[in-house]
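S.K.: Numbering-wise (this note's numbering), the sequence shown opens with residue 1219 and increments by one.
Quick caveat, the hints were computed from the structure, so don't treat them as lab data.
Here are the computed lysine-lysine pairs in the BS3-like style, where the Cα-Cα straight-line distance is at most 25 Å: (1) Lys1291 / Lys1229; (2) Lys1229 / Lys1242; (3) Lys1291 / Lys1242; (4) Lys1229 / Lys1240; (5) Lys1291 / Lys1221; (6) Lys1291 / Lys1240.
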Amino acid sequence: MTKVRNETILKDFGRHLATLRKNKGLTQEDLANVADISLSQVSRIERGVINPTLSTLVDIANALEIPLPLLVKW
1219 MTKVRNETIL
1229 KDFGRHLATL
1239 RKNKGLTQED
1249 LANVADISLS
1259 QVSRIERGVI
1269 NPTLSTLVDI
1279 ANALEIPLPL
1289 LVKW
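Construct the complete structure from the given sequences, taking the supplied hints into account.
M.R.: See below:
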């Protein structure tokens, strides 16, 4: 049960991140460059394949110029 729940959360978060990124007019590559993470990592996060670390979330929030709570609240 927990695995299914975690997968759902990761996929939901990934969709939320993609929406925020697109609303800022950024491509995945743009976000990766500004956040100093790999393009493949952005893609995997948005697809809900990986669980990003807190430090990665901070980097993404800073790159999107939004507070961390806004990034993780959907």
